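Residue numbers (our numbering), protein chains in the order written: chain V, 113 to 253; chain W, 4 to 170.
Treat the hints as calculated values from the structure; they're not laboratory data. These numbers were taken from a predicted model, which means no experiment stands behind them. A few of these clues could be false.
[As the list claims (entries may be wrong)] Using 25 Å as the maximum straight-line C-alpha spacing, the simulated SDA-like pairs for lysine to any residue come out as follows:
{"no.": "1", "chain 1": "W", "residue 1": "166", "chain 2": "W", "residue 2": "85"}
{"no.": "2", "chain 1": "V", "residue 1": "253", "chain 2": "W", "residue 2": "106"}
{"no.": "3", "chain 1": "W", "residue 1": "37", "chain 2": "V", "residue 2": "198"}
{"no.": "4", "chain 1": "V", "residue 1": "233", "chain 2": "W", "residue 2": "37"}
{"no.": "5", "chain 1": "W", "residue 1": "166", "chain 2": "V", "residue 2": "207"}
{"no.": "6", "chain 1": "V", "residue 1": "176", "chain 2": "W", "residue 2": "38"}
{"no.": "7", "chain 1": "V", "residue 1": "253", "chain 2": "W", "residue 2": "166"}
{"no.": "8", "chain 1": "V", "residue 1": "253", "chain 2": "W", "residue 2": "52"}
{"no.": "9", "chain 1": "V", "residue 1": "213", "chain 2": "W", "residue 2": "47"}
{"no.": "10", "chain 1": "V", "residue 1": "253", "chain 2": "W", "residue 2": "38"}
{"no.": "11", "chain 1": "V", "residue 1": "176", "chain 2": "W", "residue 2": "85"}
{"no.": "12", "chain 1": "W", "residue 1": "37", "chain 2": "V", "residue 2": "211"}
{"no.": "13", "chain 1": "V", "residue 1": "253", "chain 2": "W", "residue 2": "89"}
{"no.": "14", "chain 1": "W", "residue 1": "42", "chain 2": "V", "residue 2": "253"}
[Stated by the list, open to error] In silico negatives: residues of chain V with every beta carbon more than 10 Å from chain W:
{"no.": "15", "residue": "148"}
{"no.": "16", "residue": "150"}
{"no.": "17", "residue": "169"}
{"no.": "18", "residue": "198"}
{"no.": "19", "residue": "204"}
{"no.": "20", "residue": "207"}
{"no.": "21", "residue": "209"}
{"no.": "22", "residue": "217"}
{"no.": "23", "residue": "227"}
{"no.": "24", "residue": "231"}
{"no.": "25", "residue": "244"}
Even for Gly, the Cβ is constructed at its ideal location relative to N, Cα and C.
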Amino acid sequence: MNKKTLVGFSAAVVALVGAVALMAQTGKIVATGTFHGAAHSTSGRATVYSGDNGALTLRLTNFKTSNGPNLHVLLIAASDAEDNEDFLKKGVERVDLGSLKGNEGDQNYDVPAGTDLEKYKAVSIFCERFSVNFGAAPLAK
Amino acid sequence: MSEPANRFSKRRVVLSVLALVVAFGLWYAFRPEKLFVNKKVNEPAPATLGQLTPLYTGSFHTDARDTSGRATVYRQPNGSRLLTLSNFSTANEPGLTVILVDGSSMGNGQPFTPADSNHRDIGEIKASQGEQNYALPEDVDFNRFNTVAIYSAGLHTVFGTAKLDAF
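Let the hints inform the model, and build the full structure from the sequences given.
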């Protein structure tokens, strides 16, 4: 290999590594959507981010809902949910991301590895005690 | 005479305890104080987001050619703004450019003639598919130019648009 080819090859490798690094740096929003909810006024944005190792995090920003007993953050196997809908009665599958950390503010939730976002397409703030959907955000890629 | 009074007070104690238990049960079930008490949290963005702050985002919709994916505008630590296309796909055609337009002025499949007043040029498209970044001019007014469009200069048509909403 002569010097010229070597220099060209190195430049190509550097360029490729740079391009891949840039892609990894910005290919982060997997899906996002805004909350709606009438009975229990709910607003803000839900965004799923992917980490370097492929781990998914759901982040709520500018978030606000009513406080209530035993509120959970769910991913539901539906494209959206109606206000006050008891989709559990209808047998809609769900992934429970845990108790709602606060009814106001920015907050993060780990999404279990292997969760299929092609299937679980909406976020619900769900009152476990009374099986009521406080608000939902459909996630778009 | 004292015995009936005693029985009465015993019953009163039992009733009182019962009432307390019921009251506690109702309180626990409904937690009415939560109507007034807010719980605020403020967690930082996931580390994966790095130093980028999302400002606007929107999904692409097909206009003249199948177009899909997401356009997002980030603010970088140095204050400059960056447009990223992710999960992106449009038709392969020479001479495609990424432009910002006033979304309300765009018609479905209508010919579009760029003029200084109706768009901002972002640059020649880097690829018809995949993740890509574009530096944005500093003085872009996103309140006016609120839509990313993929424009074909050859065909005078817009292949697809993504209306940007505040993040």
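Checked hints:
Simply put, residue 166 of chain W and residue 85 of chain W have alpha-carbon atoms about 16 Å apart, close enough for the 25 Å limit, and the pair holds. The suggested pairing of residue 253 of chain V with residue 106 of chain W holds, with an alpha-carbon distance near 20 Å, which does not exceed 25 Å. Restraint check for residue 37 of chain W and residue 198 of chain V: the C-alpha separation of about 21 Å stays at or below 25 Å, so the hint holds. With a CA separation close to 29 Å, the supplied pair residue 233 of chain V and residue 37 of chain W exceeds the 25 Å bound.
This hinted pair does not check out: residue 166 of chain W and residue 207 of chain V have alpha carbons roughly 30 Å apart, beyond 25 Å. Distance restraint check for residue 176 of chain V and residue 38 of chain W: the Cα-Cα separation of roughly 13 Å lies within the 25 Å cut-off, and the hinted pair is therefore satisfied. Proposed proximity of residue 253 of chain V and residue 166 of chain W is supported: the alpha carbons are some 14 Å apart, at most 25 Å. Between residue 253 of chain V and residue 52 of chain W the alpha-carbon distance is near 17 Å, which keeps this suggested pair within the 25 Å criterion.
A C-alpha spacing of about 13 Å is found between residue 213 of chain V and residue 47 of chain W, which places the hinted pair at or below 25 Å, so the restraint holds. With a C-alpha separation of about 34 Å, the suggested pair residue 253 of chain V and residue 38 of chain W falls outside the 25 Å cut-off, and the hint is violated. A C-alpha spacing of about 28 Å is found between residue 176 of chain V and residue 85 of chain W, which places the hinted pair above 25 Å, so the restraint is violated. Taken as a hint, the residue 37 of chain W and residue 211 of chain V pair is honoured in the structure, with Cα atoms around 15 Å apart against an allowance of 25 Å.
With a CA separation close to 9 Å, the supplied pair residue 253 of chain V and residue 89 of chain W stays within the 25 Å bound. With a C-alpha separation of about 30 Å, the suggested pairing of residue 42 of chain W with residue 253 of chain V is violated against the 25 Å cut-off. For residue 148 of chain V, the condition that its CB be more than 10 Å from all CB atoms of chain W holds, with the nearest at approximately 13 Å. Under the 10 Å C-beta cut-off, the non-interface status given to residue 150 of chain V relative to chain W holds; the minimum distance is some 17 Å.
Non-interface call for residue 169 of chain V relative to chain W: violated, since the shortest CB-CB distance, roughly 5 Å, does not exceed 10 Å. With a least beta-carbon separation of about 17 Å from chain W, residue 198 of chain V lies farther than 10 Å from that chain, consistent with its non-interface assignment. The beta carbon of residue 204 of chain V sits about 24 Å from the closest Cβ of chain W, which is more than 10 Å, so the claim that it is off the interface holds. Once the 10 Å rule is applied to beta carbons, residue 207 of chain V is consistent with being away from chain W; the minimum gap is 18 Å.
Look at residue 209 of chain V: its CB is around 14 Å from the nearest CB on chain W, clear of 10 Å, so calling it non-interface holds up. The Cβ of residue 217 of chain V sits about 4 Å from the closest Cβ of chain W, inside the 10 Å cut-off, so the non-interface label is violated. Look at residue 227 of chain V: its CB is around 16 Å from the nearest CB on chain W, clear of 10 Å, so calling it non-interface holds up. For residue 231 of chain V, the non-interface assignment is confirmed: its Cβ lies about 17 Å from the closest Cβ of chain W, beyond the 10 Å cut-off.
Every beta carbon of chain W lies more than 10 Å from that of residue 244 of chain V, the smallest distance being close to 12 Å; the non-interface claim holds.
Checked against the numbered hints listed earlier, the structure breaks hints 4, 5, 10, 11, 14, 17, 22; every other hint is satisfied.
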